[in-house]
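Going down the list, the sequences are from chains A, B, C, D and E. The first sequence runs 1 to 354 under UniProt numbering. The second sequence runs 1 to 354 under UniProt numbering. The third sequence runs 1 to 354 under UniProt numbering. The fourth sequence runs 1 to 354 under UniProt numbering. The fifth sequence runs 1 to 354 under UniProt numbering.
In short, the hints are calculated from the structure, not lab data.
It does not matter which identical chain is used: a pair holds within one copy or between any two.
Below, in silico cross-link-like pairs of lysine-lysine (DSS-like), each with a Cα-Cα straight-line distance of 25 Å or less:
1) Lys207 x Lys289
2) Lys29 x Lys6
3) Lys232 x Lys8
4) Lys194 x Lys226
5) Lys25 x Lys48
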Amino acid sequence: MSRFIKKKKEDIGLSPYALVFRGQKKTDKTVLRAMDFDLEDVTEQELKSTDDLIGRKKSKKLTWLNIDGLDNAELMENLARVFKIEQNILSDVMNPAARPKVQEFDNGIFITIKMLHFDEKNDSLSADNLSLIITDNTLISFQEQSGLVFEPIRERIRKHKNKIRTSGADYLAFALLDVVVDNYIYINGILGDKIEALENDMTGNLKKELLESINSYKSEMNFMRKHIKPAKEMILNLGKMESEFIHDENRIHFRELQDNINEASELSDSYREILYDQLNVYHSSMSTKLNEIMSILTIFSVIFIPLTFIVGVYGTNFENLPEVHWRHGYLFMWVIMILTTLVMLWFFRRKKWF
Amino acid sequence: MSRFIKKKKEDIGLSPYALVFRGQKKTDKTVLRAMDFDLEDVTEQELKSTDDLIGRKKSKKLTWLNIDGLDNAELMENLARVFKIEQNILSDVMNPAARPKVQEFDNGIFITIKMLHFDEKNDSLSADNLSLIITDNTLISFQEQSGLVFEPIRERIRKHKNKIRTSGADYLAFALLDVVVDNYIYINGILGDKIEALENDMTGNLKKELLESINSYKSEMNFMRKHIKPAKEMILNLGKMESEFIHDENRIHFRELQDNINEASELSDSYREILYDQLNVYHSSMSTKLNEIMSILTIFSVIFIPLTFIVGVYGTNFENLPEVHWRHGYLFMWVIMILTTLVMLWFFRRKKWF
Amino acid sequence: MSRFIKKKKEDIGLSPYALVFRGQKKTDKTVLRAMDFDLEDVTEQELKSTDDLIGRKKSKKLTWLNIDGLDNAELMENLARVFKIEQNILSDVMNPAARPKVQEFDNGIFITIKMLHFDEKNDSLSADNLSLIITDNTLISFQEQSGLVFEPIRERIRKHKNKIRTSGADYLAFALLDVVVDNYIYINGILGDKIEALENDMTGNLKKELLESINSYKSEMNFMRKHIKPAKEMILNLGKMESEFIHDENRIHFRELQDNINEASELSDSYREILYDQLNVYHSSMSTKLNEIMSILTIFSVIFIPLTFIVGVYGTNFENLPEVHWRHGYLFMWVIMILTTLVMLWFFRRKKWF
Amino acid sequence: MSRFIKKKKEDIGLSPYALVFRGQKKTDKTVLRAMDFDLEDVTEQELKSTDDLIGRKKSKKLTWLNIDGLDNAELMENLARVFKIEQNILSDVMNPAARPKVQEFDNGIFITIKMLHFDEKNDSLSADNLSLIITDNTLISFQEQSGLVFEPIRERIRKHKNKIRTSGADYLAFALLDVVVDNYIYINGILGDKIEALENDMTGNLKKELLESINSYKSEMNFMRKHIKPAKEMILNLGKMESEFIHDENRIHFRELQDNINEASELSDSYREILYDQLNVYHSSMSTKLNEIMSILTIFSVIFIPLTFIVGVYGTNFENLPEVHWRHGYLFMWVIMILTTLVMLWFFRRKKWF
Amino acid sequence: MSRFIKKKKEDIGLSPYALVFRGQKKTDKTVLRAMDFDLEDVTEQELKSTDDLIGRKKSKKLTWLNIDGLDNAELMENLARVFKIEQNILSDVMNPAARPKVQEFDNGIFITIKMLHFDEKNDSLSADNLSLIITDNTLISFQEQSGLVFEPIRERIRKHKNKIRTSGADYLAFALLDVVVDNYIYINGILGDKIEALENDMTGNLKKELLESINSYKSEMNFMRKHIKPAKEMILNLGKMESEFIHDENRIHFRELQDNINEASELSDSYREILYDQLNVYHSSMSTKLNEIMSILTIFSVIFIPLTFIVGVYGTNFENLPEVHWRHGYLFMWVIMILTTLVMLWFFRRKKWF
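Let the hints inform the model, and build the full structure from the sequences given.
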């Protein structure tokens, strides 16, 4: 199945304000989890229905609202109403094919990026969409399906009474994006280990599976690079953004994010180069091996050509063929043939042909 | 027939103000359709003659004037007069080979872009020109031939009492351009499906048609990329344009358009890469297959070479050839030959030559 | 002969003010033609001697002075004096190897560009230098040799009482440059037709001449691209130039020129790509054809190898060779050989080797 | 073992303020060396414990604090307290995988770059991280392990009473960076010598080791380029930085650094090109050699083919084969065979086939 | 010997103010020549010792001080003192490996560029460093060795009472740089002639020396391009420089220099492309030739295969082989063989295999 998300015919001409889910359903049920915290206190709860949204947000605590599943249009409408988010933003949230981007709106900042997941069993990558909305003292994160990716962040919030509890929704967004980008680097590393391990199979007899592995890793690398490139662009824009929703003291972290995404991008460049080199080595090894075989076989054949000619000569039926009647004629023929062979071997050896 | 539009010799040196049709006629008759609407009301009518243009536009309603067919110079002159459009703009409208561009003039904005159409029967793309003129409360769209591309937009106007009825000619222009760009992505997807389907023919015996398919999709992809590139440039310029004819609240949609065209561009990059990979895989598979055949045949030949030599030896007519006179001489020869064969097979096997 | 103009040893270290002709003479005699016109009136005359220059330009009419032949240093000096043009500008005019550029000076604008000419007989391109000097109400154009390239412009001036007669020297310069650039597109089209026609020779038996054609068109395409690139740069600079000699209302035409040169550039990109694709198809077709021949011949040879071995066996002179003495021994041999052949054919067929 | 530093799974989601060592330990013990100097005086001492840090820096002397080993979190915390360095800076110091970058903070400038080391025995490069912190009148340098790289700078400080003693921490930082970049150029030179020496093995019989050498140098070159590229970017940013910690009179040196890193980058480009050229020459030489062998062997075989056929003819058992009964039949056969051979040799010679 | 200048180990960590010669000595003795001139008068003298420097420059004349040989540290120190040039500038002058650059300092402008020299005997390029220092009314030029490159400029100063005598040190610097860049174009032309001459050897039998020539010119072209690229950058910076030492009326000449260096750069691009094309044509010609030979030889062999089989059949010793006993059996065999041959030839011909 294709990993590229295609435009559906019926989506052409759709209003940019229509709250219609444009992806593939990856989860059965939409799950809402709220985490409210300040320096002192952390409370976590799972919201049962979208009604729980109303009446929330009286406290001054920072709220992290995480939503797994993007196909609940009713929930989106409620969110729009409660947090005063423009509908065209939420319409983008519901489109997992959207390109990574950052966009400011009246009441906040909207960020979307792809999270990569590496399936070690099949050696294959998949991408999930992550959308973040930074508003006053709430961060809303939207994932296509539930997962444990952000568990370390939750742990940091639960355990440490420090910056992450007090630096606002933008710092929390940075922390989530940092996990996503660190994951890029981590997956680069895993793929990289596998790619470098191929080197060991590169000597001796090359197996056909090696070529398949190289090609498959190349395609995974390309898939990853396809997602890193627009994410890099997005993070660059985020770093330059002048917005009241990004605190000046957190600005430095977004620059750090830039360094990280650059590192991810360069790593993937390096591994891609290594893959191309391996491909070249594979092909040139294959052709060298074939050439060696051919050389040896050709020389083998060539040595027999004059021998076969000689026995042909003594197989003719001429009445006056003198050697045939000699006493040691047969021996004589063998002497000639052995001499011929030795001369040829010496000649080929001297020419370094084998 | 070439899909590139060529400059005609007689068009060289033509004044940029001359209203001369410079393309190939694709429609018999020029069709004018007007759609007037505000939040409350929608009326549609087909204008019979260019005289109907005069006297229009007294109401405050937004008007969408769609013209199919570009070769009616008289109509263009009337349009120029009625809507105060400069002649050099309309001269560009009549040139379907014009490059996608956006241009401001005294009374509006002129936009031109290519619409792509994919003919599933022949697996081939064609391009039609679309020109848009945004003026005060009228949008004029020019197409080379009639089609149903914009029907979804008409439906949205007819059915929904929302933004599209009230946000002005620039929003309507955005909606049309969005359809065009969505169509790029959609066609990318169709072509992409076909390209990815080629993978299945990539294993086992490769057929010659596969190579033809790859090459043909490559040429279609290049054709598409050729049109997407300047369109991307144009939309970028549109997004940066400071004009009274683009409302500030619609500006965001033009940025969305940029994201879409970028996605189209990246998709086409991805598929192009896949095609190149397929080409490489095809060629290396072909040569691997050939090499395998050659290896086996060569080894087969090589095994017979010493055997043929041996029977040659015993075909010589030496009087004193001892083995010939042995009782089991013939059997002896066969034993020698079978041993030779086995030794060679063992040697080749050990060397992993087959 | 090389189409690249080389620096002569003696020109190294020459003052940028020296009025020395640095090209190859392409015309016998320098021809001066003056065209004076306003909305009402057009007069044309050929100037006999450089003295005619003096005393000209009393009227307010727009003058187009066209000079064919660049080697007349005396004329250049007179021009410098009469029109107050700096000597280093005219020194550039006399250097046909100069790179396309635009340069402002105290009394005007200096523009130089290459005109391309396609010789259909030899399928080869050549380049001529065109220099333009825009001064107050005079346009001076310098060509390396006489030609009919600008005849359509002259016709427009003679026949139409419109913008071209009244919009100043800059508009006239635009019209001339537009002819040059339109010519680029036109030649691209001619070459393009020839290139696309090659496709028909691409099937069946490939001829060696096809490769030569592809290589020759590639070299012509490169020659053209070499001239289009700096011209594009020059026109971009012209479009951005803030000068009193370019009227604001004509500025739009220089932007149109940019679109045209971009189109020329993209067309040549497209055709170059097509040529590269053709080259690839040619080479892969050639190698496919060769491989097919080799496969068939190899299989043919391989089938005879065991047969030749078999007849060799029965050609041995063993006294106790039983089959030789059988009644149907000869027939028996043929049966064995035919069976061997059939088995091999069946095997190769099953393996899809032919 | 891979030379790319991988992200550890447990580091994902780590706070940017956590002082955790994220690399591989390369040294047993953290060593602190302080060098205090002004124009008159130089004192050097090795700090025994991190307590020695407290109470330092009362004098107005410039201090260079060098720390070998990055895994001492306690030391880092003390440094943060004493020199008022933000924790996220020191967290970066402890991450040797960090990308070269420059970053300003409240009390200074933080710079990180990679030092390259060439191991002549294994012909392989390795990279060590160098971090510099420029504060008021102290330069702190962090290295992954002890080494003699900066000994020349120490000597310059000890021996010469000049600019290096008086121009502040930024000039000292420049001097250290200059050593690092000079080292890039130096290593480029060493590798370059080895690469150019390969040319000598390029003639005559090519050895397989040659290919291995080329590929190995190519991979080292790529490793170096991977580190030079972001360093170039970093130095560019440093040169443009407006900071109170960089004295205007030292600004020129940072521009010099840019020239040096550019030279390093261009050198590595040149050597990479040479390597690619060598690879091409190697492959084309190999295939030329193989083709020559094949040509000669083929011609040798082809000459024997008709000869073997002729002896086959006279080996047939026809009763009425006339030549067999001739007196000089055998001689006649040899004459025919020798003539055939001569004609073929003459023909091949004329065709320049060998 | 390598043409790349390598960093010496002992130069790492050197102060940027140290006046140490960092290149290879190319001249025995440092030669100082002074040329003083104004519109009226020109005097030339060779300075005997560095003491002559002191006491110079009382007149208002423009002085051109040319120094051949860079290894005289004492002279450099005197120059620094007399003309108030900063030591780090002169330190750069003494480093012939320095990258082309332009740098402003308190009392002038420092420019460094490479002069190329083409040795026609060995068809090889070499590079010499040229440094220029523009101060108030003196131009100091530093060359690695004596030569006649600037003789045309000296002649212009001696003979013509014009701009070159009166336009200041910056105009003189422009004139020298112009000679250097004109020389680039000139050498491009010489190399280009040789490259284009290779085309004639491209038809018929290709010689091995042709490949060597192509590769050697390619390496020379790369060497030249390596020096042109940073020179282009430098001249661009020079053209944009705001400095009191560059007169506004001379600014136009530096823009002219840009055009020239661009032309040099584009010429070298063109010739590089031609070389790559030649390489491709060479390789494809070689392989076409080889394929042709192989085809013919293979067909020749294939024709003999069934013939050899047939004579084998009649060489068998079957008692009941009927044809052997026929009267015209031998003739019959020949008829069969000739028919077989003709059928095969006809078949191969029809298939266009030879």
